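Peer 1: Protein sequence lines correspond, in order, to chains A and B.
Every letter in the first sequence is one number past the one before it in UniProt numbering, and letter 94, counting from 1, is 94.
Every letter in the second sequence is one number past the one before it in UniProt numbering, and letter 153, counting from 1, is 153.
Since the hints were made in silico from the structure, they are not lab data.
What you are looking at is a predicted structure, and each value in this text was computed from that prediction instead of being measured.
It is possible that some hints are incorrect.
[Stated by the list, open to error] Derived Cβ-Cβ restraints for the label pairs, each shown as a range:
no., chain 1, residue 1, chain 2, residue 2, range
1, B, Asn-163, A, Ala-138, 29 to 39 Å
2, A, Thr-107, B, His-317, 33 to 43 Å
3, A, Phe-144, B, Asn-163, 32 to 42 Å
4, A, Phe-144, B, Arg-217, 45 to 55 Å
Where is the CB? At the ideal position from N, CA and C, for every residue including glycine.
Read off the chains here:
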Amino acid sequence: MQATIDSQAARKGWLGLLAKAPAAKLAQLWAAANITPTHHVLRAPEIGAVMVRGRAGAVGAAFNLGEMSVTRASVRLADGTIGHGYVQGRDRTHALHAALIDALMQTDAAGQVDRAILSPLRAAAADRQTARAAKAAATKVDFFTMVRGED
Amino acid sequence: MYVAVKGGERAIDNAHAWLAEERRGDLAVPELTVAQIREQMALAVNRVMAEGSLYDPDLAALAIKQARGDLIEAIFLIRAYRTTLPRFGASLPVDTGAMACDRRVSATFKDAPGGQVLGPTFDYTHRLLDFKLAADGEAGQVAEAAPLHGPTPHIMGFLDRENLIQPEPAGETTPPDLTREPLELPASRALRLQALTRADEGFTLGMAYSTQRGYARNHAFVAELRIGAVAVEMEIPELGFSIEIGEITLTECETVNQFQGSKTQPPQFTRGYGLVFGMTERKAISMALVDRALRWAELGEDNLGAPAQDEEFVLYHCDNIQATGFLEHIKLPHYVDFQSELELIRKLRRDAQQMQEAAE
């Protein structure tokens, strides 16, 4: 049971990473990894929308905020492993890459795919976030109180 | 009698060809790319995404280029495009408490945990034209400091713990969607918030300003304004669990408002809420003020007859695409309608003249 939860958490992790990765960067890493698995496209890349929800007062009842564009695709590898890709934006290749990587990560190729593709994506995402956070931190206000000379 | 009139195809084609040429402008000036608009006109892109109600910076930038910078026309293009997309589903409500904040300020608590983070703001600029931008536009070095780790807590949470602020009931029901069902009144708060987040910025600003000037005054403080990136998570049926499907930038404004208490409520602060796609600070603050004004009934306040309290007035007039669609249609051919008006007024004048002649 614990193993299922762990593997689900890991899959959730890489699917989220692939969804948010820049399509061009992923395409470049995919090409460089030189992995060409035999596969069958179960669901051709499809562009659609997801209604994003928020909460009234950040914590209250849900409301519909607006849609975002999402592209999805599904593939089956020769050994029967199925992979799904849901990615932000309208790039069909991005969704196919995500589905293929999702499938490969459930096979013996997982280690290789993680090293060649997911690790660099994780590092790039962390760098982007840290760079913004560092700039934000530099704009944090340091208050000081003027001496009022009352004593 | 109904008279169908055809014609004008050639004139229309030629007009559109000329429009394309005018859009391009002087050929001696390099053409704008969509990427340039997305990166360098980011706040226009954000407005088009918010009011077009579709988060896709590339499409919004393309719409702005096509519309020659007319943002309402660009919003119209996005609204038209989004109706062609199949809906895969709805996300889980975004967790703005986990936002990676570029900016986070509070006008009520100086020493809020997490601090006052200004971010890339126009505030405190002198609003003087910068002629350096006309010359080269190179940005200087940006300062960095040790990044703050962990989520920034919502300031309202502190007031909530003391029961000083009206609680926000969670509720897990599926919210109504005005893109699927026609708007019906009275509207729930969820429906009002959906209408307001995609509402015209100018209209919302005007309504919000009217409450500040005394029409249904409710004296808002910005308890917190935050801008940053949040992950969007959705349940995927074929997986059986939820995954992050993307990351979007949002602006969130929470206001704290004076409230005297009512027959049913002890005196406590009340809330207004704004949440808008992109970096859209003016809109988010306006939305929070108008949201608060529209809550008069549920909070047991008096209806002062102010425009911002009038749900029907606000919700039926805040959408700039509905408004401009109806407004601009009156410039299109109304020859037959007008012909009948002309007939009528001629007849009335004839009758009046005959009466006068008879009297004489």
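Peer 1: The structure should be examined with respect to each hint, and the outcome stated for every one.
Peer 2: Each hint tested on the structure:
1. Checking the proposed 29 to 39 Å range against B:Asn-163 and A:Ala-138 shows it holds: the Cβ atoms sit about 37 Å from each other.
2. At roughly 57 Å, the beta-carbon separation of A:Thr-107 and B:His-317 lies outside the given 33 to 43 Å, and the hint is violated.
3. Between A:Phe-144 and B:Asn-163 the beta carbons are some 33 Å apart, a value that agrees with the proposed interval 32 to 42 Å.
4. At about 35 Å, the beta-carbon gap between A:Phe-144 and B:Arg-217 misses the expected band of 45 to 55 Å.
Checked against the numbered hints above, the structure breaks hints 2, 4 and satisfies the rest.
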